[in-house]
Structure formats: C-alpha cells, structure tokens
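Listed in order, the protein sequences are those of chains U and X.
Quick note on the working numbering: the first sequence kicks off at 4 and runs consecutively.
Quick note on the working numbering: the second sequence kicks off at 33 and runs consecutively.
Treat the hints as calculated values from the structure; they're not laboratory data.
Note that CB positions come from ideal geometry on N, CA and C, so glycine has one too.
Calculated pairs, DSSO-like style, for lysine-lysine (alpha carbon to alpha carbon, straight line, at most 27 angstroms):
{"no.": "1", "chain 1": "U", "residue 1": "6", "chain 2": "X", "residue 2": "214"}
{"no.": "2", "chain 1": "X", "residue 1": "173", "chain 2": "X", "residue 2": "366"}
{"no.": "3", "chain 1": "U", "residue 1": "142", "chain 2": "X", "residue 2": "396"}
{"no.": "4", "chain 1": "U", "residue 1": "8", "chain 2": "U", "residue 2": "26"}
{"no.": "5", "chain 1": "X", "residue 1": "347", "chain 2": "X", "residue 2": "335"}
{"no.": "6", "chain 1": "U", "residue 1": "20", "chain 2": "X", "residue 2": "347"}
{"no.": "7", "chain 1": "U", "residue 1": "26", "chain 2": "X", "residue 2": "335"}
{"no.": "8", "chain 1": "U", "residue 1": "11", "chain 2": "X", "residue 2": "214"}
{"no.": "9", "chain 1": "X", "residue 1": "138", "chain 2": "X", "residue 2": "96"}
{"no.": "10", "chain 1": "X", "residue 1": "314", "chain 2": "U", "residue 2": "26"}
{"no.": "11", "chain 1": "X", "residue 1": "335", "chain 2": "U", "residue 2": "20"}
{"no.": "12", "chain 1": "X", "residue 1": "44", "chain 2": "X", "residue 2": "67"}
{"no.": "13", "chain 1": "U", "residue 1": "20", "chain 2": "X", "residue 2": "462"}
{"no.": "14", "chain 1": "X", "residue 1": "425", "chain 2": "X", "residue 2": "440"}
{"no.": "15", "chain 1": "U", "residue 1": "11", "chain 2": "X", "residue 2": "347"}
{"no.": "16", "chain 1": "U", "residue 1": "103", "chain 2": "U", "residue 2": "20"}
{"no.": "17", "chain 1": "U", "residue 1": "26", "chain 2": "X", "residue 2": "347"}
{"no.": "18", "chain 1": "X", "residue 1": "347", "chain 2": "U", "residue 2": "142"}
{"no.": "19", "chain 1": "U", "residue 1": "70", "chain 2": "U", "residue 2": "142"}
{"no.": "20", "chain 1": "U", "residue 1": "8", "chain 2": "X", "residue 2": "214"}
{"no.": "21", "chain 1": "X", "residue 1": "396", "chain 2": "U", "residue 2": "20"}
{"no.": "22", "chain 1": "U", "residue 1": "26", "chain 2": "X", "residue 2": "396"}
Derived coverage of chain U by chain X (criterion: at least 3 residues anywhere in the stretch with Cβ under 8 angstroms from a Cβ of chain X; other residues may be distant):
{"no.": "23", "region": "9 to 23"}
{"no.": "24", "region": "27 to 34"}
{"no.": "25", "region": "53 to 66"}
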Amino acid sequence: MAKLKILKVGDETLRKKSRPVDKITPRILTLIDDMAQTMRAANGCGLAAPQVGVLRRIVVIEAEPGKLIELINPEITEASGERECIEGCLSVPGKYGLTKRPERVVVRALDRNGNTVEYVGTELLAQAFCHEIDHLDGKLYIDIVERMLREDELE
Amino acid sequence: MPRKLAYEILKKIENNGQYSNIAIDSALKGSGLEKYDRALASTIVLGVIERRITLDYIIKKILKNFDKTDKNILIILRIGLYQMMFLDRIPTYAAVNETVRLAPKKFAGLVNAVLRTYERQKDKIDYPNENTDIYGYLSVKYSFPEEICHKFTDIYGTVRTKNIFEIFNRPSKTALRINTLKVGVDEYIRELGARNIDYEPSGYLPYIVMVNGCDVESLPGFEEGEFFVQDTASALCVEALGAEESDFLIDSCACPGSKSFGSAILMNNKGLIYSCDLHQSKLGLIDAGADRLGIGIIETMRKDGGVFDISLEGKADKVLCDVPCSGFGVIGKKPEIRYKKLSDTEKLPDIQYRILENCSRYVKNGGTLVYSTCTVIPEENLLNIERFLASHKDFALCDFNAGGLASKGGILELAPDINDTDGFFICKMKKIN
Chain U
4 MAKLKILKVG
14 DETLRKKSRP
24 VDKITPRILT
34 LIDDMAQTMR
44 AANGCGLAAP
54 QVGVLRRIVV
64 IEAEPGKLIE
74 LINPEITEAS
84 GERECIEGCL
94 SVPGKYGLTK
104 RPERVVVRAL
114 DRNGNTVEYV
124 GTELLAQAFC
134 HEIDHLDGKL
144 YIDIVERMLR
154 EDELE
Chain X
33 MPRKLAYEIL
43 KKIENNGQYS
53 NIAIDSALKG
63 SGLEKYDRAL
73 ASTIVLGVIE
83 RRITLDYIIK
93 KILKNFDKTD
103 KNILIILRIG
113 LYQMMFLDRI
123 PTYAAVNETV
133 RLAPKKFAGL
143 VNAVLRTYER
153 QKDKIDYPNE
163 NTDIYGYLSV
173 KYSFPEEICH
183 KFTDIYGTVR
193 TKNIFEIFNR
203 PSKTALRINT
213 LKVGVDEYIR
223 ELGARNIDYE
233 PSGYLPYIVM
243 VNGCDVESLP
253 GFEEGEFFVQ
263 DTASALCVEA
273 LGAEESDFLI
283 DSCACPGSKS
293 FGSAILMNNK
303 GLIYSCDLHQ
313 SKLGLIDAGA
323 DRLGIGIIET
333 MRKDGGVFDI
343 SLEGKADKVL
353 CDVPCSGFGV
363 IGKKPEIRYK
373 KLSDTEKLPD
383 IQYRILENCS
393 RYVKNGGTLV
403 YSTCTVIPEE
413 NLLNIERFLA
423 SHKDFALCDF
433 NAGGLASKGG
443 ILELAPDIND
453 TDGFFICKMK
463 KIN
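Turn these sequences into a full structure, and let the hints guide you.
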C-alpha cells in the first residue's frame, strides 16, 4: 500500500476524460487500495483516480466512517430532487463553495470482483457520487459552483 | 572454477537453445563464485558465442575431423582458444592447463595438442584474403556469418561495416535511465561516486549514465527504483514519441517495458499508458518494474498488435509501435543475434507492417505515431514506412529533435559507429485530419 500524490487544480490531468476499466487486474486493485489509503490520510470523503494522476474510471468514497464504497466504471442511472450543498475537494485545498446537487441518485458500477452493484445515495452520499463521477469526465465542482464561500463564512 | 561454470553454461546454450543472458544470469546467481570469477565466467561465455566463427575456423585448421568431434569437446576447445586469442590478462599456460582440466581424461591429450599447436603455429595460419574474398575475410576476422557481412556491406560499405563489427565485438556498457520521479540526476550520480562506481554520461541525454558490467541489481538504488536499464537509442525513441502529462499512450509491443517506463517519467506519472504485448508471461515483468519504479499510470494488457480493438479507435494521443525485429542493431549486447539466418527474418516486414497499420488506427486526430526497430535492415525500416505512407494519406512524417539529434524529415537512424548507441530506427508521424 502506498500513499499517492493528489493533483491540484491547474493540473491538466484533472481536466481529461478517464477511460473505463476493461479488465480488473491486480494492478487496478492495488490502485483502489492506494486510493482509499490516500483519501483517508487526507481526511477526504471521496477520491477519483484522475486526482492521483491515473486516467481511469475508478472512485472511492467514504461518506460515513468505516463504510468504504469502491466504484469501477460508475454511472448515475437516476437523479431526483435538488439540494444546496457546501462542497470542497482535495484537489482544491482550503476552499469551499455552494453548489446545487440532486437530493437522491442511483449509481451503477462494478465492484472489485467485477460484479455489477447498485447504490442509492441521498444527501451527502448523493453529493459525493456526483462530485467524484464528475472528476472522471474532467469536471470540478468549481465549474458549477454558485458562489465560493469567504473564509469568515466557514466555521 | 570459472571455466568449469562457463563450460556448463555454454553446454546449456548449445544443447538446450537457452538465451545467453538468461543462462548466464541463472547460473551465476547460484554459483557462489567471487566477483572476479563471475566476471571471467561471463566474459568467456559471451566471448565464445561472439567469436565462434573465428574460433571454429582456427580449430578446423588444426583438427582434421572437426565435424566428427564430440560437441562438448568443441566447446572446451573454443573456451581454451578464446582465452589465448582474446584475453590478454590470462597467460597462455594458465589458459591451456585450466582448459585441459575441463576435458574427460581420454580427451585431455587432444585438447592439449590442439591448443599447443595453435600456440606454436598461430602466425602461420592462413586467413581469407581481404582483396579476393572480402566476405570470407570479414566473416572470419569479426565472426559474422558471410550473409550478414554481405548485408551490412550493402548497407554501410566495407569501411563502416568493419567499424561497426569492431564495436559490436567490444565489451558493451550498460546504460541506466535514472528515474527522475524518485531521484535527481545529480543526486544519483553522487550516489554512484560515493560507491566508487565508474560511470560515463551518455552524451545525448542527461538522465542516462553508462556503467561497466551487467550486475545492475547490486547498483545503488535498485530496490528503491531509482533507475532502470535502457540504452540511449531506446531513450531517444521515447524522446521522439514525446509523451506529455495526462496523455493517453499505447505502447503496442511493450516488453520488457523500458519505453513505457521512460514515457511515464516524461509524463510525470500522470495520464494513462497501455503497455501491451502478445506474451502474457512477459507482462509480469512490466508490472514488477512499474511497481519498483513507483509508476502508477501503466496498465499491462495482453494484446496482439496486429489485431484491431475497436474500443481504442481514434482514442490515443500517442501510439508507439516498437515492433519485433531482426535485432541486428543490438548485436553488441546480444552476441548470438549475429547467427540468425536472414531467411528467418524475411517474414518480419509483413508482421511489422500489420502492427503499424493496425495500431495507426488507435491514434486520434492530431496525435502522434512512432515506429521503431532495433535493426538496420531497410526492409524492416524505411521500406515499411514508405509502404505505409503510400496508402495512409492521413499520416505525415513529422520532424523531431531528440537529445540534440535532429531527425531527417521525421526519421532518425542511429548507428553504433556514429552515435555510440545501439543500431536503431525511429520514425515519427502525425495523424492529420
């Protein structure tokens, strides 16, 4: 297991579209493990592979401590409602902004054994699904932010 | 003992068709010999393979029934003669005595007689005449099959062929590509200096250094992934390809992986590289290498470079076709390549063309396609490019600079006598709309 370097906004790699995983090799599994470790070490609740420089459609999320979700080739199949969120990103350190995200989403993906899995996420988990899957298409939350928060608004 | 080991290794190569580098590596590791003896054993093995034509020419002059002589006795004779002819630091009596001991008792007299006859008559042996039989002359003097002498003379002329053969027969240095993801060039060179290891810069690329010997695992920073083995020519090919951060790159014939590794370093370990090869068994070496080097963006996959994968059509920023080839540019490192029959290499141009044509379809508009070989045969190089460009108007040659060398209209041919690298062919093309 290795802690990986997290790329920061301004790095071109964050703006690229990632490629789907066509075969889950031991290397892919190592990458997933390393991503989980990196996310936890950085106190994040989600991390996408392009954030560590690898242009692959892989996401790890831990919106609730101890509940690690690993997604390979994730897709949002349903989205409903709307919710105003406070959003941050490990690639945009120290900054937060207000975004609008769906209240509830359904995500379909592969797990590490190659089985199709489906997750229903509401509130923070729905937000995390959207945020991380956006990374796979080169999108950052600062592209859709309604306004960034000033430091004095953060407590 | 080192001669005994050399004898065992040569028997394995001769009788089981093992590759010299693999046979040497595996035998030396378990030998328990001291460093000096290991070096001598490996020098003898490589030397006997390299000089076989010369050695056999002389043995045939002395030993009348060469063809009926036991194969293993011939190996012993070559080992003895090689030391006498080419290893100045070994006195003749030592070479003879130690070699005679390798032979079974009933052949000891024969081995002794042949070696001592050579010592007595070495100035009287008649060699092919340069003026009347140039190919025979080159063949015996440099130990290359006549058809290879013919081929090289066609390409380079006699004078350059002699120089190139001379260089191929010199002990080759090992080139290290410093992994600048992990360590600075200056810092690594200081590490070599601190361990009293002699090195030379490559002359073209700051991150390549040349060292003696081939026991790279004992060099500083091996475990830590601070370098990998890559000849300057191969590194220049990586420069020509010019991978950049966040590229998607396909290395279609990637094993043993050094061009993928070099590209990943140029990409600063950001983006994605598909390192493909036909042989699953070799892909594990790339995975292990990438792990050692701390490279995360390489994914290995088993793929035939000549078979179309629609999911990759028009997807890659850069595609490298470092196709399987006759290898006549790397004879300096792999001495047995010289004994390949030209007739066995005749099918290669078509195989190479099929890979080039197929993989060209993976290049996106505006993307880069590099075709390379480690050979000097025009049919495998320029002629394949001409054939490709004639029927693919969506590709154009693209001039480049690599390590201070300028390509000629997108093509760079490296030769051992001029560039002090392996013989190598690099062609860079762009896909135009």
